[in-house]
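K.L.:
Chains A and B are the protein sequences, given in the same order. So in our numbering the end of the first sequence lands on 425, straight run, no missing numbers. So in our numbering the end of the second sequence lands on 166, straight run, no missing numbers.
What the hints contain is simulated information worked out from the structure, not anything from laboratory work. Yeah, the Cβ is synthetic: ideal placement off N, Cα and C, and Gly gets one too. Don't take each hint at face value.
What the hints assert, rightly or not - DSS-like cross-link-like pairs, simulated, lysine-lysine; straight-line CA separation at most 25 Å:
| # | chain 1 | residue 1 | chain 2 | residue 2 |
| --- | --- | --- | --- | --- |
| 1 | B | K117 | B | K148 |
| 2 | A | K180 | B | K72 |
| 3 | A | K242 | A | K38 |
| 4 | B | K148 | B | K72 |
| 5 | B | K117 | B | K84 |
| 6 | A | K293 | B | K117 |
| 7 | A | K293 | B | K72 |
| 8 | B | K84 | B | K148 |
| 9 | A | K242 | A | K75 |
| 10 | B | K72 | A | K281 |
| 11 | A | K281 | A | K293 |
| 12 | A | K39 | A | K242 |
As the list claims (entries may be wrong) - Label-pair distances were calculated between CB atoms; the ranges are:
| # | chain 1 | residue 1 | chain 2 | residue 2 | range |
| --- | --- | --- | --- | --- | --- |
| 13 | B | W38 | A | E290 | 54 to 60 Å |
| 14 | B | P8 | A | R343 | 52 to 58 Å |
| 15 | B | L15 | A | A32 | 56 to 62 Å |
| 16 | A | A197 | B | A51 | 27 to 33 Å |
What the hints assert, rightly or not - Partial pick of chain B residues on the chain A-facing surface, computed with a CB cut under 8 Å:
| # | residue |
| --- | --- |
| 17 | L37 |
| 18 | P39 |
| 19 | F67 |
| 20 | G71 |
| 21 | P73 |
| 22 | A102 |
| 23 | H106 |
| 24 | D108 |
| 25 | Q112 |
| 26 | C122 |
| 27 | C124 |
| 28 | H125 |
| 29 | N135 |
| 30 | P139 |
Residue-level listing of the chains:
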Amino acid sequence: MSHAAHEDTPQGPRLPQRAWAFLFERLGLEVAQSLAAKKTVPIHRCAPFYFLGGMALFLFGVQIVTGILLSLYYKPSPDQAFESVRAIMTEVEYGWLIRSVHSWSANLLVGALFLHLLTTYMMRAYRPPREFTWFTGIALLALFMAFGFSGYLLPWNQLAFFASAVGTKIAGSVPVVGEKLLLLARGGENVTGDTLARFYALHVVVFPLVTFALLGVHLFLVQQHGMSIPDREARRHGGEEKVRSMPFVPHFLLRDMVGWYLALGLLAALAALFPWELGEKAEPFGSAPEGIKPEWYFLFMFQALKQLPPHVLGIEGEVVGVLFFAAVGLAVLAIPFLDVGERSRRVLNYCAVPWVAFIIVMTAWGWFPDHLRLSVLLGTGLSLGMLVLTFPFLDRGGPARRLVNVLGAVAVFIFIAVTAWELLV
Amino acid sequence: MSESFEPPSRRNWLLWSLNTGIAATAAAVFYPVVRFLWPRPATVSGAQEMAAPFRVNQLPNAEGNPFNFGGKPCLVVLSADGAKRLARGEPLRTDDVRAFNAICSHVDCTVQYRPEKGDIFCNCHDGVYDLNGRNVSGPPPRPLEAYKVTLRGEPGQEEIIVSRST
Numbered sequence: 001m002s003h004a005a006h007e008d009t010p011q012g013p014r015l016p017q018r019a020w021a022f023l024f025e026r027l028g029l030e031v032a033q034s035l036a037a038k039k040t041v042p043i044h045r046c047a048p049f050y051f052l053g054g055m056a057l058f059l060f061g062v063q064i065v066t067g068i069l070l071s072l073y074y075k076p077s078p079d080q081a082f083e084s085v086r087a088i089m090t091e092v093e094y095g096w097l098i099r100s101v102h103s104w105s106a107n108l109l110v111g112a113l114f115l116h117l118l119t120t121y122m123m124r125a126y127r128p129p130r131e132f133t134w135f136t137g138i139a140l141l142a143l144f145m146a147f148g149f150s151g152y153l154l155p156w157n158q159l160a161f162f163a164s165a166v167g168t169k170i171a172g173s174v175p176v177v178g179e180k181l182l183l184l185a186r187g188g189e190n191v192t193g194d195t196l197a198r199f200y201a202l203h204v205v206v207f208p209l210v211t212f213a214l215l216g217v218h219l220f221l222v223q224q225h226g227m228s229i230p231d232r233e234a235r236r237h238g239g240e241e242k243v244r245s246m247p248f249v250p251h252f253l254l255r256d257m258v259g260w261y262l263a264l265g266l267l268a269a270l271a272a273l274f275p276w277e278l279g280e281k282a283e284p285f286g287s288a289p290e291g292i293k294p295e296w297y298f299l300f301m302f303q304a305l306k307q308l309p310p311h312v313l314g315i316e317g318e319v320v321g322v323l324f325f326a327a328v329g330l331a332v333l334a335i336p337f338l339d340v341g342e343r344s345r346r347v348l349n350y351c352a353v354p355w356v357a358f359i360i361v362m363t364a365w366g367w368f369p370d371h372l373r374l375s376v377l378l379g380t381g382l383s384l385g386m387l388v389l390t391f392p393f394l395d396r397g398g399p400a401r402r403l404v405n406v407l408g409a410v411a412v413f414i415f416i417a418v419t420a421w422e423l424l425v
Numbered sequence: 001m002s003e004s005f006e007p008p009s010r011r012n013w014l015l016w017s018l019n020t021g022i023a024a025t026a027a028a029v030f031y032p033v034v035r036f037l038w039p040r041p042a043t044v045s046g047a048q049e050m051a052a053p054f055r056v057n058q059l060p061n062a063e064g065n066p067f068n069f070g071g072k073p074c075l076v077v078l079s080a081d082g083a084k085r086l087a088r089g090e091p092l093r094t095d096d097v098r099a100f101n102a103i104c105s106h107v108d109c110t111v112q113y114r115p116e117k118g119d120i121f122c123n124c125h126d127g128v129y130d131l132n133g134r135n136v137s138g139p140p141p142r143p144l145e146a147y148k149v150t151l152r153g154e155p156g157q158e159e160i161i162v163s164r165s166t
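Can you make the complete structure from the sequences, with help from the hints?
P.N.:
So this is what it looks like as structure tokens:
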């Protein structure tokens, strides 16, 4: 978009062009324009993976808008929280829509982030000089999981109350500092109104501010270093500079927007067909009801902790579990330093594949705790389905790609069968 | 460096004062903030002794069990003998009635009394305790904290008094 291309009328440039030129000069928009002109997106087989970050960004935007709207009616106190969310769902016009979109979008957002992480790992986009893009990305993923955890408590229902008690207790089982952490997180020994107020403040003030800062750095670094091109694609094209690219504005942005439009449609459909449940009001002194479980992205940890025996080598099971998950988290953060050559990369992959499968199988099991057969099927289907992500890395027509084709078809079949079974039986 | 000792110059002294001043200001700002974040003293009663909101004859499926005992849920259960005695209409003995802190020793869910199975169960991670509060299966690492129970009042309809045995 150039301000030089004015259509002049006999009286001089038209008003919109004059206004544009006025703003362009005064706001220093050349900078923005030259940045936009500089940004390009490489075109190759893995290019669809570049959409995932933008998708997460769009869903974050949805969260900001719907979150602000919800805050107009929500009241963060144990006496009023549940009732205010019920009022949003039943009395406020389109309240059900706004809350359901907020909840669904949160879940899709974490899903998009998981895929973004996985594909970034597969493309090895964390190679120098992009280590800090990786670090900020992992921090943002952790932050969005914290968003999810803190937001889960806000409706003050039974599920949320006990999930928060369990979640904070697990964080509190970290050796040495755990007990203090627990007190700080809950604002006391038990989950009370003070906990609710803390979670609310974190959810609507602290986390958003930190997210803006980290996201700013993340996006700045993406702009600074440009999009990473997988080694394999660079080799196939005979060098990174030979890979074709498209301008970000408007070509890639317009493609991004097609995805966002579809996501908006999906959100509306999910919110309309499956409005988010409210459950029953929390009873802090009642017994925990059946079916207490966290959001799906914590489910694999929840399910794994459930299977641990009370004591492992003389240490309490939950402590072992927490330390294990913390170690894995640190390892994921340190991947740019762990990937130092062909061999270490192979070791990393040998660790990553079973780990992803573990997460999927444990999640499926946590989802259907009483249907072992169903969860094995679903876990297998989803694990096979993840193989589709390797598709662009494999040679066209090669045996590996044919195998992925077959496994993908099996995965789709299993997924449909499990869904049908769950809906019909 | 050629000189091992430099006499404190006026500039060094000023810099030291400035840095100390800044550090003191930072401490004066952060200390109250950290103290502010620390939980305030419990606003709950912290009672040492109270009567359960139901009587022995309402057991085993008493409404309001567990109940709030000084900020923690308290669960009252009957021993196996106690349940038999109650079913036969015989008077209960003091040791037939037991009370526990209902917070599961695993990860802080609240347990429930299952009279039909004769155990105490936690729904969150399928932890099971016996009627003495001992962890018998599932992930709980420790028994439940037990409270002292005394029965008071008219036989057959006694009040259940729970107290912390400290």
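K.L.:
With reference to the structure, classify each hint as holding or not holding.
P.N.:
Evaluated hints:
no. : hint                       : verdict
1   : B:K117 x B:K148            : holds (24 Å)
2   : A:K180 x B:K72             : holds (19 Å)
3   : A:K242 x A:K38             : holds (17 Å)
4   : B:K148 x B:K72             : holds (15 Å)
5   : B:K117 x B:K84             : holds (13 Å)
6   : A:K293 x B:K117            : holds (24 Å)
7   : A:K293 x B:K72             : holds (22 Å)
8   : B:K84 x B:K148             : holds (22 Å)
9   : A:K242 x A:K75             : violated (57 Å)
10  : B:K72 x A:K281             : holds (18 Å)
11  : A:K281 x A:K293            : holds (16 Å)
12  : A:K39 x A:K242             : holds (16 Å)
13  : B:W38 x A:E290: 54 to 60 Å : violated (36 Å)
14  : B:P8 x A:R343: 52 to 58 Å  : holds (56 Å)
15  : B:L15 x A:A32: 56 to 62 Å  : violated (43 Å)
16  : A:A197 x B:A51: 27 to 33 Å : holds (32 Å)
17  : L37                        : holds (6 Å)
18  : P39                        : holds (4 Å)
19  : F67                        : holds (6 Å)
20  : G71                        : holds (6 Å)
21  : P73                        : holds (4 Å)
22  : A102                       : holds (7 Å)
23  : H106                       : holds (7 Å)
24  : D108                       : holds (4 Å)
25  : Q112                       : holds (3 Å)
26  : C122                       : holds (7 Å)
27  : C124                       : holds (5 Å)
28  : H125                       : holds (5 Å)
29  : N135                       : holds (7 Å)
30  : P139                       : holds (6 Å)
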